[in-house]
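Using the sequences and the hints given, assemble the complete structure.
Below are the chains, spelled out letter by letter.
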Amino acid sequence: MATEHIVVNCAINGESQTFLANERDSLLEALRDRIGLTGAKEGCNNGNCGACCVNMDGRIVNSCLVMAAECEGSEIRTVEGLAMGDQLTPLQNAFLEQAALQCGICTPGFLVAAESLLEQNPDPSEHEIRYWLAGNLCRCTGYDKIIKAVQQAAGQSVV
Amino acid sequence: MQAVKYARAESVEEAVRLLQEGGEGARPLAGGTDVIVQARERTRDIDLFVDIKHIPEVVDIRHGADGSLTIGAATPCYQIYGDDAIAERFPILVDSCSLIGGTAIQGRASLGGNLCNSSPAADGIPSLIVLEGQVEIAGPNGRRTVPVEDFCTAPGRNVLGSGEFAVSLSFPAPAEGSGSRFLRFIPRNEMDIAVTNAATQLRLNGDGSVAWARVAIGAVAPTPLLVSDAADALVGRPLNEDSIAAAAAASRAAANPIDDMRGSIRQRVHLAGVLTERTIRQAAERAA
Chain E
1 MATEHIVVNC AINGESQTFL ANERDSLLEA LRDRIGLTGA KEGCNNGNCG ACCVNMDGRI
61 VNSCLVMAAE CEGSEIRTVE GLAMGDQLTP LQNAFLEQAA LQCGICTPGF LVAAESLLEQ
121 NPDPSEHEIR YWLAGNLCRC TGYDKIIKAV QQAAGQSVV
Chain V
1 MQAVKYARAE SVEEAVRLLQ EGGEGARPLA GGTDVIVQAR ERTRDIDLFV DIKHIPEVVD
61 IRHGADGSLT IGAATPCYQI YGDDAIAERF PILVDSCSLI GGTAIQGRAS LGGNLCNSSP
121 AADGIPSLIV LEGQVEIAGP NGRRTVPVED FCTAPGRNVL GSGEFAVSLS FPAPAEGSGS
181 RFLRFIPRNE MDIAVTNAAT QLRLNGDGSV AWARVAIGAV APTPLLVSDA ADALVGRPLN
241 EDSIAAAAAA SRAAANPIDD MRGSIRQRVH LAGVLTERTI RQAAERAA
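Here the protein sequences line up with chains E and V, keeping their order. Taking the working numbering, I'd label the letters of the first sequence as residues 1 to 159. Taking the working numbering, I'd label the letters of the second sequence as residues 1 to 288.
Note that these hints are calculated values from the structure, not bench results. Any given hint could turn out to be false.
[As the list claims (entries may be wrong)] Residues of chain V clear of chain E, computed beta-carbon distances all greater than 10 Å:
hint	residue
1	THR145
2	ALA211
3	ARG237
4	ASN240
5	SER264
[To be verified] Label pairs and their calculated CB-CB ranges:
hint	chain 1	residue 1	chain 2	residue 2	range
6	V	ASN141	E	GLU72	47 to 53 Å
7	E	GLU128	V	HIS63	26 to 32 Å
8	E	GLY104	V	ASP66	50 to 56 Å
9	V	SER11	E	THR18	25 to 31 Å
10	V	ARG188	E	GLN156	23 to 29 Å
11	V	MET261	E	LEU96	36 to 42 Å
12	E	GLU75	V	GLY161	34 to 40 Å
13	E	HIS5	V	GLY25	19 to 25 Å
14	V	PRO172	E	GLY104	48 to 54 Å
Every residue gets a Cβ at the ideal spot worked out from N, C-alpha and C, and that includes glycine.
Listed below in structure tokens is the structure:
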């Protein structure tokens with residue numbers, strides 16, 4: 001079948017964007033291949049791993065499970081939109097200080113998901129953090145360092 | 001991804017027309033958490049997504065003055081468990097919606113999508129059944145209503161015909177003294193597909209006997225099952241070890257599972273009984 005191109009207008013990290021996509025593209029494919037934002041990663045491409053997690057209209061979603069065409073009029077925030085220039089967010093700094101990453105593939109998804117948690121629940125319990133992040137898989141850290149980083153970013157004492 | 005097209009429907013009538021024109025390969029797109037994977041992995045032949053999320057009645061939550069509830073079929077899980085009135089009067093929907101996938105899935109996935117995907121292991125369907133849910137379906141011949149327990153016909157299959165889609169789910173007000181509970185067994189705490197699941201809604205009389213009950217079990221048959229024998233074992237009897245054991249036995253008898261990577265037949269039959277018992281006890285605690 002011939003490839004159909006579509007035009008999508010949306011806001012990405014606060015800037016309005018118009019981009020061309022294949023009608024079959026996922027949001028993840030559009031971000032990475034059309035717009036050049038390669039922060040969101042393709043892990044499983046079926047909604048299990050969370051490496052492609054972005055914020056869409058205020059909620060985290062797996063961008064591999066969103067069609068690019070669905071984003072018309074949406075507000076998308078990706079990991080690239082977290083830091084202000086060289087100024088990392090408290091969560092990003094906490095990830096570095098707690099060594100909450102090793103290979104780094106899962107990190108953009110964890111950062112986007114955890115920022116969203118802290119927006120909605122600035123003082124989450126360990127259980128709430130683990131439950132919120134259950135859809136983000138990490139095969140390096142064993143999760144404890146990630147949980148500690150989120151706790152540090154929330155201003156909690158970290159043992 | 002197969003060469004799938006995308007169309008956004010602004011009204012129920014437009015969605016029906018697009019689905020009808022699209023024929024066999026057209027699918028409604030709600031949260032997409034199942035159907036996009038199926039298109040990508042080619043487990044379903046899909047060449048057109050009809051996005052139904054821009055139709056107001058398909059994505060809203062309406063509380064009736066009589067205590068009834070109508071949820072648009074594509075309303076995402078997070079909006080359902082974030083609704084205080086649902087949490088208070090239909091807590092079983094919070095049980096289900098907070099167990100379907102992880103947070104990012106719950107940002108998109110819907111109960112209508114969970115129902116129309118018609119998995120035997122769906123974590124939404126047993127709860128919809130025990131709440132006496134009715135599915136409102138729109139199609140080329142207008143609208144019709146189907147009880148949830150009659151909706152699924154086989155794994156991945158249901159009563160929807162050509163051009164039809166689920167618009168909303170409606171539930172009568174739970175009577176005073178009612179309680180409901182959904183539970184799922186998986187080997188970890190979250191983000192897995194049910195080995196077995198179960199739901200109970202019941203109403204207790206002042207003397208502690210059971211006035212009314214409904215029990216459903218999932219992942220133990222080609223479709224989620226309403227277990228009338230389990231309810232019959234409870235109704236009119238005091239809620240005690242004997243009546244609960246009889247209801248659990250009825251669920252074990254109704255279970256007709258398969259062996260697969262998630263669980264054996266023996267384990268699933270056993271779990272149908274255990275989860276029936278636990279959902280009865282916990283529904284009764286909520287009723288109190």
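query = Honestly, do ASN141 (chain V) and GLU72 (chain E) meet the 47 to 53 Å range at C-beta?
reply = violated (31 Å)
Status of the given 34 to 40 Å range, CB of GLY161 (chain V) versus CB of GLU75 (chain E) = Given about 37 Å between the Cβ atoms, the range holds.
query = At the C-beta level, are ARG188 (chain V) and GLN156 (chain E) separated by a distance inside 23 to 29 Å?
reply = Since ARG188 (chain V) and GLN156 (chain E) have Cβ atoms about 25 Å apart, the given range 23 to 29 Å holds.
query = Using the C-beta atoms of PRO172 (chain V) and GLY104 (chain E), is the stated range 48 to 54 Å upheld?
reply = The hint (48 to 54 Å, Cβ to Cβ) holds, given that PRO172 (chain V) and GLY104 (chain E) are roughly 51 Å apart.
inquiry  = So THR145 (chain V) supposedly isn't at the interface. Is its beta-carbon more than 10 Å from every beta-carbon in chain E?
reply    = holds (29 Å)
query = So the hint says 26 to 32 Å: do the beta-carbon atoms of GLU128 (chain E) and HIS63 (chain V) match that?
reply = holds (27 Å)
key: Satisfaction of the hinted span 50 to 56 Å by the C-beta atoms belonging to GLY104 (chain E) and ASP66 (chain V)   = holds (54 Å)
request  = Determine whether the non-interface label on ASN240 (chain V) survives the test: each CB of chain E must be over 10 Å from its CB.
outcome  = holds (34 Å)
inquiry  = Quick check for students: does the CB of SER264 (chain V) sit more than 10 Å from each CB in chain E?
reply    = holds (24 Å)
query = Is ALA211 (chain V) truly not at the interface, in the sense that its beta carbon sits beyond 10 Å from all beta carbons of chain E?
reply = For ALA211 (chain V), whose nearest Cβ neighbour in chain E is about 35 Å away, the distance exceeds 10 Å, so it holds.
MET261 (chain V) versus LEU96 (chain E) beta-carbon gap, inside 36 to 42 Å or not = Given about 39 Å between the Cβ atoms, the range holds.
request  = With 25 to 31 Å as the target window, see if SER11 (chain V) and THR18 (chain E) comply at their CB atoms.
outcome  = holds (27 Å)
Checked against the numbered hints given earlier, this structure breaks only hint 6.
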